[in-house]
Structures are given as structure tokens and as C-alpha cells.
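*Asks:* Listed here are the chains, written in short residue letters.
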Amino acid sequence: MRFTFERRLRQPGWLSLAVPVASVLFAFFVAGIVLLATGHNPLSTYRQLFDAAFLQTGSLNQTLIVATPLAFTGLAAAAAFRMKLFNIGAEGQMYIGAITGAAAGLYLGGNGGSSAFVIAAMVVMGCLGGTAWALIPGVLRAFCKTNEILTSLLLNYVAGLLLTYLIFQSQSYWRETKGFNASVFPTGKELPPSAVWPGWTIHVQGGITLPLGAGFAVAAAVVLWVLYKRTRFGFEAQVLGDSDRAARYSGVRVRRKILAVMALSGAIAGLGGASQVGDFAHSVDGDPNGLQKLGYGYTGIVIAALARYNPYAVVLVAFLMGGLENAGNTLQGANFPAGLVGVIQGIILFSALGGEVLIRHRVRIVRTKRGVAATEPGPAA
Amino acid sequence: MASAVPAVSMVGITKRFPGVIANDQVDFEAASGEVHALLGENGAGKTTLSHILTGLYRADEGTISLHGKPVAFTSPREAIDNGVGMVHQQFRLVSRFTVAENLMLGDRRGAGRHFRIDPGAVDTQVRDLGERYSLGVDPRARIWQLSVGEQQRVEILKALYQEARVLILDEPTAVLTPREADLLFATLRQIAGEGRTVIFISHKLHEVMAVSDRVTVLRAGKALATVQTTDATAQSLATLMVGRDIKPVTREGQARPDSPPVLEVEDLWAEGDRGITAVKGVSLTVRAGEIAAVAGVSGNGQRELAEAITGLRPYTKGSIRVKGKPVRAGDARSAFEAGVGYVPEDRLGTGVAPSLSIAMNLALKSFRNNCRGPFLRLGPMRTNAEHEISTFEIKASGPDQQTDYLSGGNLQKVVIAREFSASPSVLVAGSPTRGLDVSAVEQVHSFLLRAAENGTAVLLISEDLDEILALHDRIFVMYEGGLSEMPPGASVDEIGLRMAGQAAGAPPA
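Chains A and B supply the protein sequences, listed in that same order. Counted from 1, the first sequence has number 70 at position 70 by this note's numbering; the numbering is strictly sequential. Going from the second sequence to this note's numbering is simple: count from 1 and add 1000.
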């Protein structure tokens, strides 16, 4: 008896939901074995985790703070990866979006613009900043065939150093130069009140604030879905993502398309950066151990992969991942295993990627005796 | 000739793939010292059977023995060690290595066994083998420098170098000129004459008649019969292979000097993928309703010519006009908007986006005209797809089916349906029937004829001389980037010589 993998002739729709869900359950199961082996009770640990992520007072607020930027970076990755453009640079594009978005907020808010106008300007500037940064690898890829994985990845470090430089190593426009605190430790300049993004508060669990950025993320997901499924742009992108030669054959201007998709991906990441400043930090965080340590851009790639590049699924997965990360932060120390969240995330990713094979293939058990295995009916090849 | 114990004996071989039984209880025997042809249409299971014999696939059921000894290969490596060598349709050579290096690769008996490699020793061996079997090739040449015919010789040399006692060749003549094919047959006869077994896979009857001692005919995965070639006729084999009498499409070819010229190509130059000039000063005019057929061994610039005309490849010099209007270099969209349809040679990668739906692939070029603002009109796209699936008799579960799940013939029909429904004034078709079974070939041919009847200028590029002879109005031959027209009524031999660069009599170096 042996197992063989066969390519499925049809991929049932329910599988693309069942496989990720099963992957997540499998990950918790495996992590549970690790917990047992280290002398923890898995059930109570998971209970603790779930409470800290979604149920305790204030936990959802914290979860949203993590989930919002993850949704942006996840959407940025999904937008590009769908077309097989591997933009690993959402991290850096987000920093640049934070810088340009903050510039708009500081300048216009400081000059007394109305709040709606200032916020709109921050959104536009954040998008433009991310786009500009993403177009560097985009142009290199379109015109010089440079591998965008490497260039976009390396530009993340450049963007990170720029962020640190603006706050720590220069007297830039973004740095707070007045006051006692500023003389002790370098910080970013605080946004004027008209540039702070409002939240919408629901009065349950002691008040949950839905940040404006989360709304933008959901809107971005809708736009992305419509764009890819219902428009000419999306049609061309799908063809190009599937086969480069078929795209040229069908008259797609390949270079233009690469630039457009990189710009779109960068804009979403940049908007995430502006939201980071407007919603949460209210200043540019140049600390190398601050924003740069959180690695939202990289987690976003994991989220996009788990969501199989479906924008709606990205938002959902970002929320769940945000919960997991938030719970990990809250529960750190005490008698909670510190590495657990990382372990679970890792196993989820592995099993989700491994599960892909089950979406495309089915497992058949072959007995070596004759005439046992039946084959699925289908068109003759 | 046939000894008591067969060199190869396969009994009750069954191999299933999802949705198909590629081999169904196949019995096959080949003796030492014979050339045994495996004849069948595309998809009849010839290649699968040979892959089972060479350890690439494992049979679901059945047993194999070599010279009376049962074997069960789990890898090609074991097959090679047991003296079974194969020349695949797609060569398995490292293109940056020299001929000698390719032979040493995977060699565990001779020079390749040592840590320090001595190329000199292999060189002499290659020369000796080459002389003995008239397979001359420079052992120091790198594979990418060789012509396709020479690369095939390297593959055969490799099998001989590995001391194969059973040599399998999968459709070896597809890449050869008729003369090169004759030389290959002589070599195969010589190899068999030494007591080795040659298994020759083909779907071309005249080749099978010319070279083999015995023939086993496969149809739809089943072995129908094994006959002595001398007892068979081409007609009897054809009926066995197809299961019915075949009526090949034929047509009275004629030049149409009075029709208006539709496609005019003048002094066209274009580069290949490696940046080497592949199309050298080609001029041709195709008139409305005419089928201009371009013959030639693949790799002589035909694909580049087709791509230059259809805008997939920029040309470096010259001009292309469709109905008098110039077509911009390297702009596929302006080419098809000018009325140039293209059925590309590579149908799965270029002709369709394989993992998208049939409906999307049928709309691959027309979706831009079927939009409301930036939004697609998915409803009409679907209806149109349903309509074309029924008109072109595409066997599919529906417009939403993923395209690469279609069989080769149905996939080609998707391409043809799309290109024809745009009613092109020029249709360029590159090897449109390669790899299709006989009934699909008939259908594709009748589509091409219908296009010509409707006044389309058809440029048919094919390596299959039978196809060219059946459909042509005028015949051209492409050789090393140049195109020349054959006089009306040219014979197969004359065309063959032109395909070999007119090197009459001399064996191609």
C-alpha cells in the first residue's frame, strides 16, 4: 500500500476555505503537543490566549491597533503577489508613507486647515510616499528586469535608516526640538489635534474604538476585489500573473502593468504608514526598537499567503493574527511561554502552505492488488 | 532474428492518471536484434509505456522483464544500469556543457566515476562511437552550439556510451529533415544489427514501414496487435491505429495572383531570444484566400518570423503591412487590431493563460471592446463563451472550467475559436496540429480551409510536410533565417533538400 498525490480535475470551492481552517486547527494541535511536553496545560493556555486577544476589557482595542497595519501590509502584498510581483517592500513603503503622511499632517494641521482636509491630505501623501518608494523596484523590474524581491527587500533597510536619521540623527522637520523631553530623548514632533485621525467608539467591553484606518483598510479591500475581479485592469493583471507570454500575446503593455501594480501595492502600504501616524503614534516613530521592530510588512506577507491573496480574507486573517500578536504581548512573562505565539504563527504558515497541495491534489491510497482503485471520471487528456 | 527469450517483455501493464487510463493491460515484447516500432496516435499511450520501461513512471499493475529477468525500476538510474536508454522528445542535455561532459554526467562505470575527470579519455570514446555508428559530433562542442539534429546524435551517443542494450527513441524524426531521418534509420538498423533492441516510437506510418521489423499498434491505451512489418501495409496499419478509415483533408493548391495582397512582408530582420539574428531578410506576400505554407526544421527562424508578424517580437529592419497599412514593430495589440490573428506554436503558455477560465481565454483579446467604462461585462463574456464552446465543439464542462484541464485538441479549439471569431484578415498558424490526435487534426485543418475560403490570408508554419502538402497554395521553406519559395509542384525530396540548406548528397555536418 502506498500514497499517491493526484492532480484534482476540479477544485471544489469549499476546499479553499476548509484547508486554511484545518491548517490553523492543526497548528494549534501541534503547538498543544509542544505545550504538553513543556508541562503546560494547552487548553487553559489557549483560553488565556483567546481572552487576552478578544474578550478581556480593552483587549479588542489593542488587537485593532495591531490588526490595522497588518491589514494594510497584507493587502499591499496580496495586490502585488497576485500578479506574481513579489513586493517584499511593504515594510519600507509603510515607513515612507508614515513620513510623508506626517509631513502633510504637521504642515497643514499647524497652519490651521480643517480636520477633514488635513486628514485627506495625509491619506493622499501617505499613498504617494509609498507609491514612490515602491516604484523604485518597479522601474528596475520593468526596464532592467532586476529581481524585485531583492530590491524591494533591501530598500526596507534604507527606509528604516532614513526613519531613524530623521528623528535621531538630524534636526529634521519631523523631530521635536522644543521642550524638556526632547532634550533628553529624541522623539518625533506631535501632530496638531486637527491632524489626529478620529475613531468610532462602540460602548461594549468598556468602549472599543474602531480607528479610521481600519475603515480605510476595509475600503481598500473592497476596491482591490472589484479592481481584480470586475475591471479591465484586473483582467490584464490576472493574465499577466498567470503567463507572461500570454499577456504579451493578448496585447497587455507589460511594463506599464508592472509599474501600475507596484504603485498600487506601494500606495496601500503607504496608506498604512499614514494610518500608523494619524491613528496611533501621532508622531513619526524613528526608534530602531519601535515601529521597525514590529515587522508589520513581513507579517503582512504571511497574512496575504494565508488569505490566498483574497482581499476580504486578508482583512479577516489580519484581525486574527492581530489578536494573536496582541495576546502574545499582553501575556508575556508570568508563567506564559514566551515563544508560544511565534511558534503557533510559524506552524500555521507551514501547514497552510503545505495544505495548498491538498487544494490542488488529492491523496489516493493505492493498494498493490489489482482492480481496487477507481479513477475519477473526467475529460480524457 | 528473434531469440527465444525476448529482450523486453512487459505483461499486463496498466497505468492510470486522474481521469484517464494511459495504459490498459498492455502486453509488449521486443526481441534482441530488432527494430520494433510502437505505433499509435498522440495520446494512445506510447510515451507512457516507454516511461514505465525507463523507470520514470511506475506501473500500477503488470510486470516487466529484461532478457528473462524480472525487473521493477523505481528510477531512470536503475533502468540505465540495466541497459535501458531512452532518447526523449525533449532532449535531456545540459546546454552549457560540452558533448563529452554530457556523456560523463551520470556515468558510473567509466570516466565519470573518478573524482578527477579526464575529458581526453571520453573524447576518444565519443569519436570512436561516432565513427562506428556514423554519428559524428565534436566532443568538445557545447550543446547550445549544436543543431537539433546534432543534439539528437548526442542523445543516442549517450545511450550507447552507457552501453544500452535496449534503446528507445520517442518520435525522433520530428526534428529532422527527411534526409537526416534516412541517416538515422541506417544508424538504428546498424545498432539493431549488433543484437541490441531498438524501440522506435512514432505516429508516422511511412517511417514505421521504412525502419522497423515488427510493429505494435496502440490505441486508446490498449495494445491492439503486434505484426511483422513485411506482412503489413501502411493502409492496414492506419486502420488499426485510428480505428476507422481516415480521409485526409486535401485541396487543390493554386496560386491566386489576382487576389488583393493582404499581408506584405518586406526584407524583415529579427533577433531570436539569444540576441542572434534569427530572421534574415524575409520577404513574402500572402493574398486573400491563399494558404502560404512554410516548411522547415524547427529552429530555423519560423517562430521568430511568426512572432515578428504578430507583434510579439520587435523586428530590427524591414516592414510589415496588413492591407497596405504598416504594423508597428513589437506591438501585439496594434497587430491584432489591424486584423492579424495568431495561433501560436506554444499553445499552452502563449495561446492561453492556462489557469484562467475558458471564458476568460476566449475573451483574451476582445475584453477591451466589451466593457462599460473600466468594468468588464461578465454576462456577455459568458454567453459568448457558451456560444463558441458549442460552435467549435469544445469538449468542456462549461465556460468556467480552468483551461489547462482541457485536452490538447480542445485547448487548440479554444485558441482557434478566439482567433477566428475576430474574423482576421491575416491568420498566422504555427504548428497548429502538433500533438493532436487524428480527428482533432482533421477539425483544425477544416477550420484553416474555411478561413481561407472566407478570404483570410493564411500563413501556415509547420514541420509536418504531409500537412503542408495537403493544405498549401504555395510552399516556402525556411532555412537558417532565410525564406525561399518552392516552384509549384515541387516534390518531397526537393523540399527536403531545401530544408537541409540544399546540401544535396553531403551528410549534414
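Quick caveat, the hints were computed from the structure, so don't treat them as lab data. Some hints here could point you the wrong way.
Unchecked claim - Result set (DSBU-like, lysine-lysine): computed pairs, CA atoms no more than 30 Å apart in a straight line:
| no. | chain 1 | residue 1 | chain 2 | residue 2 |
| --- | --- | --- | --- | --- |
| 1 | B | LYS1204 | B | LYS1395 |
| 2 | A | LYS84 | A | LYS145 |
| 3 | B | LYS1395 | A | LYS145 |
| 4 | B | LYS1222 | B | LYS1204 |
| 5 | B | LYS1069 | A | LYS229 |
| 6 | B | LYS1395 | A | LYS257 |
| 7 | B | LYS1325 | A | LYS257 |
| 8 | A | LYS257 | A | LYS84 |
| 9 | A | LYS178 | A | LYS84 |
| 10 | B | LYS1280 | A | LYS145 |
Nothing here was measured: the structure is a model prediction, and the numbers come from that model.
*Asks:* Hint by hint, say whether it matches the structure.
*Replies:* To see whether the hints hold, each was checked on the structure:
no.	hint	in the structure
1	B/LYS1204 <-> B/LYS1395	26 Å, holds
2	A/LYS84 <-> A/LYS145	14 Å, holds
3	B/LYS1395 <-> A/LYS145	39 Å, violated
4	B/LYS1222 <-> B/LYS1204	18 Å, holds
5	B/LYS1069 <-> A/LYS229	59 Å, violated
6	B/LYS1395 <-> A/LYS257	33 Å, violated
7	B/LYS1325 <-> A/LYS257	28 Å, holds
8	A/LYS257 <-> A/LYS84	12 Å, holds
9	A/LYS178 <-> A/LYS84	47 Å, violated
10	B/LYS1280 <-> A/LYS145	28 Å, holds
Checked against the numbered hints listed earlier, the structure breaks hints 3, 5, 6, 9; every other hint is satisfied.
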